[in-house]
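Residue numbers (the working numbering), protein chains in the order written: chain H, 165 to 366; chain X, 165 to 366.
To be clear, the hints were calculated from the coordinates, so they are not data collected in a lab.
Honestly, I wouldn't trust all of these hints.
Note that the list lumps identical chains together, so a pair holds whenever it fits in one copy or between two copies.
[To be verified] Cross-link-like lysine to aspartate or glutamate pairs, in silico, EDC-like; alpha carbons within 20 Å at most:
{"id": "1", "residue 1": "Lys337", "residue 2": "Asp320"}
{"id": "2", "residue 1": "Lys328", "residue 2": "Asp261"}
{"id": "3", "residue 1": "Lys265", "residue 2": "Asp281"}
{"id": "4", "residue 1": "Lys328", "residue 2": "Asp249"}
There are 2 protein chains.
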Amino acid sequence: MKKIITISRECGSGGRQIGKQLAEKLGYSYYDKELIDRVAKESGLAKDFIEEQGEHITGSLLFNIASNMTYAGMVFGGNMLPLQDQLFVVQSDIIKDIAAKENCVIVGRCADFILRDVPDSLHVFIHGNMENKAERAVKEYGFAPEDVEKTIRKRDKARANHYKYYTDYEWGKAQNYDMTLNSSTFGIEGCVNLLYDVATKE
Amino acid sequence: MKKIITISRECGSGGRQIGKQLAEKLGYSYYDKELIDRVAKESGLAKDFIEEQGEHITGSLLFNIASNMTYAGMVFGGNMLPLQDQLFVVQSDIIKDIAAKENCVIVGRCADFILRDVPDSLHVFIHGNMENKAERAVKEYGFAPEDVEKTIRKRDKARANHYKYYTDYEWGKAQNYDMTLNSSTFGIEGCVNLLYDVATKE
Chain H
165 MKKIITISRE CGSGGRQIGK QLAEKLGYSY YDKELIDRVA KESGLAKDFI EEQGEHITGS
225 LLFNIASNMT YAGMVFGGNM LPLQDQLFVV QSDIIKDIAA KENCVIVGRC ADFILRDVPD
285 SLHVFIHGNM ENKAERAVKE YGFAPEDVEK TIRKRDKARA NHYKYYTDYE WGKAQNYDMT
345 LNSSTFGIEG CVNLLYDVAT KE
Chain X
165 MKKIITISRE CGSGGRQIGK QLAEKLGYSY YDKELIDRVA KESGLAKDFI EEQGEHITGS
225 LLFNIASNMT YAGMVFGGNM LPLQDQLFVV QSDIIKDIAA KENCVIVGRC ADFILRDVPD
285 SLHVFIHGNM ENKAERAVKE YGFAPEDVEK TIRKRDKARA NHYKYYTDYE WGKAQNYDMT
345 LNSSTFGIEG CVNLLYDVAT KE
């Protein structure tokens, strides 16, 4: 039985939709935008800033600092870290806190890395073929059709940079996850059912 | 229903064992060492050379040549290509030939790339945690315990180089496969059962 499921995903792959449906099917809490709200509330950082910066950061490695300090004092008290790094520290602590208290599905936010040593967790990466991702991005996110592929690549590049910055690992490398799935191969429902079976086994 | 299953795997991850058991469970043919024998027979290349070089090559990209020529004339007749590249061409043609004729599980040999556009195929990558891989490598392959991790890394580096050389893609990158699995998470039997379920669905 897997109690904590993290989902990392390519833009347009339907990973968020899979996470939401999986959480419903399992009766687990679901965190994504909801997580942002909580971060905003607890940190006092502006919600718009968090939404914009939460997964789109470039730069050098900070995780060792982030994982070994209490943000309340060192970060906010002394104002030692850039705002985007404060955000990561706050998000990490909140993600750990959630995972310690309840069964949940968490989408994005480097949750796979933050919770990598948590027992009964399942770390998943969802990707897809460009044709399907582009169609979904236009239809569901309202991306402009004329440069949808470019926009998707740009988003994924930002996610990969953000992941590398905070974890020093390669985003989308099989070895970082328990399981990766191509949503074009299995479909959204197929991925949900497959992950449900895996999560509920034993 | 998936008729062709390719398995790429980290050294010591149990990927070959998973492939063999999956083939038995599905009633499919299994190709690995057996493929080497067939390559040797059909190409006239020495079996020892093939066994040694089949997955351990470094250098620049050849696939465009390999996929667009008939090896019988251009390669062997004119002796235009290095021996290791001749081998790849022969292996590719044999893998395509097998996949066209029978349901099968093929382990290694860049089969995922060679058969990437074949309908009803499932391309899988198996990896594992170093502790489990090391234990398996010592026990089952007789690797020396004192430098087993180094030997595993060296083997995987050679596989990654070989894959990059012939496909121009990154070995172990989730996006190259329909599904990747950590055998330390699911166990050998767990991986076999999971893949069996996926392969027999629909």
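Under a CA distance limit of 20 Å, which applies to Lys337 and Asp320: within one copy, between copies, both, or neither? The answer is both: 13 Å in one copy and 14 Å across copies each meet 20 Å.
Can you tell me if Lys328 and Asp249 fall within 20 Å by alpha carbon in one copy, between copies, both or neither? within (14 Å within a copy, 35 Å between copies)
Can you tell me if Lys328 and Asp261 fall within 20 Å by alpha carbon in one copy, between copies, both or neither? Neither: 23 Å inside a copy, 41 Å across copies.
Up to 20 Å between alpha-carbons, please classify Lys265 paired with Asp281: within, between, both or neither. Classified as within: same-chain Cα gap 16 Å, cross-chain 45 Å, threshold 20 Å.
Hint 2 alone, counting from the list given before, is not met by this structure.
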